[in-house]
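If you're matching them up, the sequences are chains A, B, C, D and E in order. Heads up: the first sequence begins at 9 in our numbering, then just goes up one per residue. Heads up: the second sequence begins at 5 in our numbering, then just goes up one per residue. Heads up: the third sequence begins at 402 in our numbering, then just goes up one per residue. Heads up: the fourth sequence begins at 3 in our numbering, then just goes up one per residue. Heads up: the fifth sequence begins at 44 in our numbering, then just goes up one per residue.
The hints are simulated quantities; they were obtained by calculation from the structure and are not laboratory data. Predicted model only: the values in this text are computed from it and were never measured. Keep in mind that a hint or two might mislead.
Derived DSBU-like pairs (lysine-lysine); straight-line CA-CA distance at most 35 Å [to be verified]: (1) A:Lys148 - A:Lys617; (2) E:Lys318 - D:Lys158; (3) A:Lys473 - E:Lys46; (4) A:Lys305 - E:Lys345; (5) E:Lys189 - A:Lys264; (6) D:Lys158 - E:Lys46.
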Amino acid sequence: MRIGVFICHCGSNIAGTVDCAAVAAKAATYPDVAYATDIMYACAEPGQDAIIAAIKEHQLSGVVVASCTPRMHEPTFRKTVERAGLNRYMFEMANIREHVSWIGKDIEANTNKAAELVRMAAAKLRLNKELKPKSFPVTKRLLVVGGGVAGIQAALDAADAGLEVILVEKQPTIGGKMAKLDKTFPTVDCSSCILGPRMVDVAQHPNITLYAYSEVESVSGYVGNFDVKIRKKASYVDWVKCTGCGLCTEKCPARKSYDRFNEGVGPTTAIIIPFPQAIPKKASIEREHCRLLTGGKCGVCAKVCPTGAINYAMEDEIIEARVGGIVAATGYDLIDWKIYEEYGGGRYPDVVTSLQYERMLSASGPTGGHIKRPSDGVEPKDVVFIQCVGSRDPSIGRPYCSGFCCMYTAKQAILTKDHIPDSQSYVFYMDIRSPGKGYDEFTRRVQEEYKARYIRGRVSLVYPKGNKLIVRGADTLMGVQVEVEADLVVLAVGAEAASESAKLAEKLRISYDSYGFFMEGHPKLKPVETNTAGVFLAGACQGLKDIPSSVAQGSAAAAKAIGLLSRDMLDSDPQIAFVSANRCVGCGKCIEVCPFKAIQEIDLRGQPKAEVIETVCQGCGLCNATCPQGAIQLSHFTDNQILAEVEALCRF
Amino acid sequence: MSVLNTKELRIIGFLCNWCSYGGADTAGVGRFTQPTDLRVVRVPCSGRINPLFILKSLLGGADGVLVSGCHPRDCHYAEGNFYARRRLELLKGFLPVLGIDPRRFEYTWVSASEGQRWQHVVEAFTAQIHGLGPARGWPEAPELEILNAVAR
Amino acid sequence: MSIQDDIKAAIAKALQDIPCVIGWGAGPEPLRATPLFMRNAADVENFTAGFLAVNNPALYLPSCKGVKTALVVKGCDARSVGQLVAENLVKRDELYLIGYPCSGVIDVDKVAARLEGKCEPGEVTRLREENEDVILDTPGGEVRLAKKDIAADKCARCRYPNAESADVFIGEKRAPVVDQDEYADLADFEKLSLEERKAFWEKELSRCIRCYACRNACPLCVCRDHCVASSREPHWLTQADGVRDKLFFQLIHATHLAGRCTGCGECERACPVGIPVLTLKRAFSRQVEDMFGYMAGIDVNTTPPLLTFRLEEPEIKEREW
Amino acid sequence: METVCLNKQDNSFTRAVEERSGQVVSRCYQCGNCTAGCPMSFLFDYPVSRIMRLIQAGQKETVLSSKAIWLCAACNTCTQRCPNEIDVSGVMDTCRQMARRENKFGVHAVRAFVNAFIDSVKFNGRSHEVGIMALYMLYTGRFWTDVDLAPKVLPKGKMAILPHRINGRAEVAAIISRYKQGFSDPELVRARLAAAGGQGAGASAGGDKGSRAGHGKEAAS
Amino acid sequence: MSKITLGYFPGCSGLGTSAEYEKSTRAVCRELGIDLREIPDWNCCGSTPAHTVDPVLSSAFSARVFAQGEQVGITDVITPCPSCLSNLRNALRHMDDELFAARVDALTERPLKQEHSIKSVLQVIVEDIGLDSVKARVRKPLTGLKAVAYYGCLMNRPEKVMRFDDPENPVAMDQVLEVLGAEVLPFPLKVDCCGGSMSIPARRSTPHLAGKILDLAGEMGADVVVVACPLCQMNLDLRQGQSRAAGLKYTLPVPYFTQLMAYAFGLSDADTAFKLLAEDIAPAFTCMSRRSDEIKAEEARKAVLAEEKARAAAEKAAKTQAGTETAAEKQPGGKSRANSASAAGGAA
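Only chain A is shown next, with the shape it has when bound in the complex (with noise of 0.2 Å):
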């Protein structure tokens, strides 16, 4: 082999405290290396050149760059020996930069440890072979998990490119957190009529299949080809007859359930239409209430039902579906309040979240728009927000910034004062973010014409006295304690992932953050990407944001999914675990560990033996550290390889 090494000085950034051409000097004494040099910037065009260049002038086979990290321009390298004819495996990366001269100043021990990487990088490269990818056809379909406004944006975005587009919703109906919502910020314009249409639109779309009350239950396949099924749920009613008129929850004697889309403020029944715009507008009955489905007895809304639709013997139902790729867009829940006992939330009835104030503001919510303490009914004057509530608190496992408390309290707070003009709002917060379109005025707005008192410095404790609940809290600006007699206390309660993400991520095989939330594939140049190709990410499931940005990380995602779906044929990365046959003695323990599903067992002349399923396989390698005999090995990183690695540094 004829390795050519270049030591690029990127500048002075590792020519700074590398001594680029001393490395270079080393690198052509090591063995297979016919041609070492220091370059000034190995990315940048004339650097290209210049490899392109010598590779073709000394018929190089390999080539080791020494500059930045892989992460970063192990790509961009890979087409540059590609465009001078090689392979564009037949290259290795040296991390001088972030891995050496950004992280010490001693030239010398620099100049050593770079030199040395490159003997890691080049005894590692002559044993790199040429790799060649396979291509394989793709299903055109897209399934959206997650029916909120990032996932009806994603759904009607593909849906509108022509792809045909499956959209799985846990509740009945779509529309997600943003239904909820009486008024968005910082318009203040109507939640339910700006998402309305969307729904609609979802509804009436030729090219969308809309599962609601339905989860993923299971997802196997890769990239082009995911196996989906889909568990839809028992709504006891059968939809297809269901008119969505409404008699049944009119009838319905259960009175006293959980009102699940109105947050608990006030009961429902127990067969629902979650709220007039659902969509779909259907009734479904909610098991652990209905008296029939529990006690045996009952069956008003058979009864009552115009077109025969209620079906107590109804079963969950399992679909299935093959689809190209699948964007997860499953939102948010709020954090706990109730473990804040020093609020009361849960303990007090007149402290209330954020999503019930929600629901109290809203003309279709329990109360018809009409603020009441949820105690005795009374309007209440004395209103506190508490801001950061689960927000910001590293004791509770919580320390980032939910990022829409602050805009959707200054939001409440003129509403509070639009329903009823004598109140007073006081809102204790310790920063207000606001950085966005009009957001920072709003917040001033609420202050200025909307006479809010905010109060910065946290609340200490709330407590019942007569029919008051005193609020006792700091004012740090002021530097003193601060006391508020207030009828009712909303919590501005933080947001974390989804209960149920983590398990979704599993199916996905995604990885998420230690809060649950989806880990996009890079943080700046993926942001709706996963690491897992072909499945992406939009809303408040990758990190929390506010509506604006969540549909238009939605639209991002389908531009994503749109752009994969539109190719006929997909490249599988051939840095994979490849079997050799003679080897193998079937013992299978690489198929028990792959996390993949990517290794089968076949039968070689009556021996069992193991196969790598080339465009499942992720290329983790868990199976080469498995195999006793190593007869499966990674392609790229076999033992050999590594173990040259190894001995480089060892042997000298």
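Fit chains B, C, D and E to the supplied structure of chain A, relying on the hints for placement.
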């Protein structure tokens, strides 16, 4: 090229590409100064690491070996680090039987965003290895001893 | 020896529909029995069990794959079989196991030590068992030795004297010798300092002749012809004749057996130069037991610990950084 | 108010507080939760959240001369509520200890009470309420402190006029005197530990196995 | 009942201002089968002043206490006083650090050889003895007594050190009082600070803090404020006059929970030691018995009504199902009136 002027000891790191290698990059981008002893072998996943790589390194003259992967539950490949945790923990417990101080081998989890944590890990581990001093080598075949001497 | 006859009867019965039964027969000298492959009634006559039935017949199983095979097994042999079944290396329904209560097996090296100065083990002309003793006829007259003094080390810590998984069990089950393996041998070894341990292995391994008898005797070394020790792809081991490479082979063997080794001790018995190679494997076994509560070869339905994981590992105390 | 020159910020003070208290004061993001719940805040010259900020800014003089650190009741409410898991109460305790070392007593009465208490323990081995009050009045000159309470307790025999002295009071007094002589100085003790147990630490093979058992039973579980 | 033996650290105030706590605690423990072995020649834990000086000094006082216990084989200790508990517990926690322990040893010159534990009397009663055992001993239930439980700061805080009950909304004392028969009002200021030892050097704190607690308790209609801490008790009870002088409208007795236990167990006046309280408890008991009578009368009225109803139902059943045995009679011994009534109704 022997280890630099005896200032450095030979420390080999096996880092998963997705989290810890990224974390080391993040530390570099943040200019978090670190000791220079560590040499990093990049592998796709901590699950790729055969404990024998570590034994090979330690028998081959490494003074310390550091393995770092994604935090449990954050594995890019979903499960690799869970397997690694079992294998590496067993290995660590095994080293004393060979007369190798178990502190010469550590494994940990560093995510791609934890540049500062990576700096801390490298500093702490390097200090630990320097505290233990150079490892005593294992006898090689006589002919190799000569060859190595020549190579040096 | 009614048990012996009963076993023979069971073997004869098994041979009615199984082509081959593996057990033990008289060996070349009175102290040694040898593996016996029985195919007919005449073969069965040569069968012997008991104190001399040292070899682990599970060793032959992977090469019998696809053919229904019967084995006569001691408790420890049955564990090896169990582990092979657990790892899907042999199929349980292709096996027929004849178990009997084992009261320990001979360690010829210990006999040699006892005879030191009197005669060589090879000069013993006859061995008789008498309750807890054996009587040896030697050129210098009869020598009586207590079985427990010349039994293999593993027998003193035997937890499973009965092949619990046998399809047919001949005789009365015996109580385990110990309830819990305290790994006293390891504790003794660990009285050495780290330096002394390293020196110990350097000295021991310097005798190694790389004959791989340890590997060939191991019933769980299923790679056989594909052992990484003799491959260049992957190329883990050089042919160099230093302690480092010799030790590294033992480490390969030990790590490959981590969580799989049943402690049958055949590797150590097979070693012609007496290197205590089982110690390395037992060091792993102790940890596997402590950490995962797993003992190889006991429960064929439990996934071996290194082929699975738990999201939280309560027994793994990761170090804080 | 004086201008604080930030270039001259005394980081050594911040470090000293962090080291002695074991708390990372820089974690404080000034949410104000500690101040909000502080029962003594109404007597403070600086609210507790501001004390935390002053420590972050290295304002040693202001912190150690403050009244607040002496008026803290050590009720732990701040510690309980701190979202960043800072033991704020412990930080206040540390500041008090440091102030005492520097002979700074923002509230003389508290110092007098502390001294009266310790002296009582030194004399008797136990604290003796009447004795403490007597000493306290002596140290402060506040001779009418709580005399209104006397009629409520004395007739009921609740306050012993004479102290309960323990046999081991010399031993207790010796603890206090050894403390005053600097026997518990960390550097001194560390040096002695190193001299005594140097070889034991590194050589033990198991590495982490030989760590000594904790004193608290709960701590071990 | 099986007896348990535990080391006992009374704390200095038990010899003085909290004599009633000390007496009643010993009496209650005796009744519940807790054998208290007092640590011989124990010394003061140093209270708040010691750790104001130095945590090492404070821990050294505690360490001597444990060393005294160790000498006679005591390693599991309980104490009624939360302040002592906090000091002793913190000392153990700090001494897990090797250097810290060595510094303490340098002061005591008596290194601890064993592991020790320290718990509050309340915790032992709730967790080890159990509420059922407490309930079984009640002879004079506190029916009709409206109580609020006040825990103070130190019993449950800091959470990670004390590891007992909820740090924001503790319920252990509430539960004890409930099994004694009292009506326990949900008191929001359970863990608000009373000012602690600051009441001496900073007198103004008492009416401001203790006064606020008493005020809310009074407003909620409590007869008593029940406590578990000598310092709290002093601030709420002994200094109640100071709060009243500053405007407090109520007069509230502030007994220790152990005193009420002793009372409910039917123990002697010497054991309840109510007379040592500054604020007389008699008015509270007067309210209690008046309310208890009302409750009894109401119950009796309900019982009569229920019986009438049951009888009517039974008659009706007998009429409609004449000749056949009614199911109600076959019910295995109706446990309560309500039970048999519903059974009869079911048969109808």
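These are the hints, each one checked on the structure:
As the CA atoms of A:Lys148 and A:Lys617 are separated by approximately 34 Å, the hinted pair is consistent with the 35 Å bound. Distance restraint check for E:Lys318 and D:Lys158: the Cα-Cα separation of roughly 8 Å lies within the 35 Å cut-off, and the hinted pair is therefore satisfied. Distance restraint check for A:Lys473 and E:Lys46: the Cα-Cα separation of roughly 44 Å exceeds the 35 Å cut-off, and the hinted pair is therefore not satisfied. Simply put, A:Lys305 and E:Lys345 have alpha-carbon atoms about 31 Å apart, close enough for the 35 Å limit, and the pair holds.
Distance check on the hinted pair: E:Lys189 and A:Lys264 sit about 32 Å apart at the alpha-carbon level, within 35 Å; holds. Taking the CA atoms of D:Lys158 and E:Lys46, the gap is about 34 Å. The hint holds against a cut of 35 Å.
Checked against the numbered hints given earlier, the structure breaks only hint 3 and satisfies all the rest.
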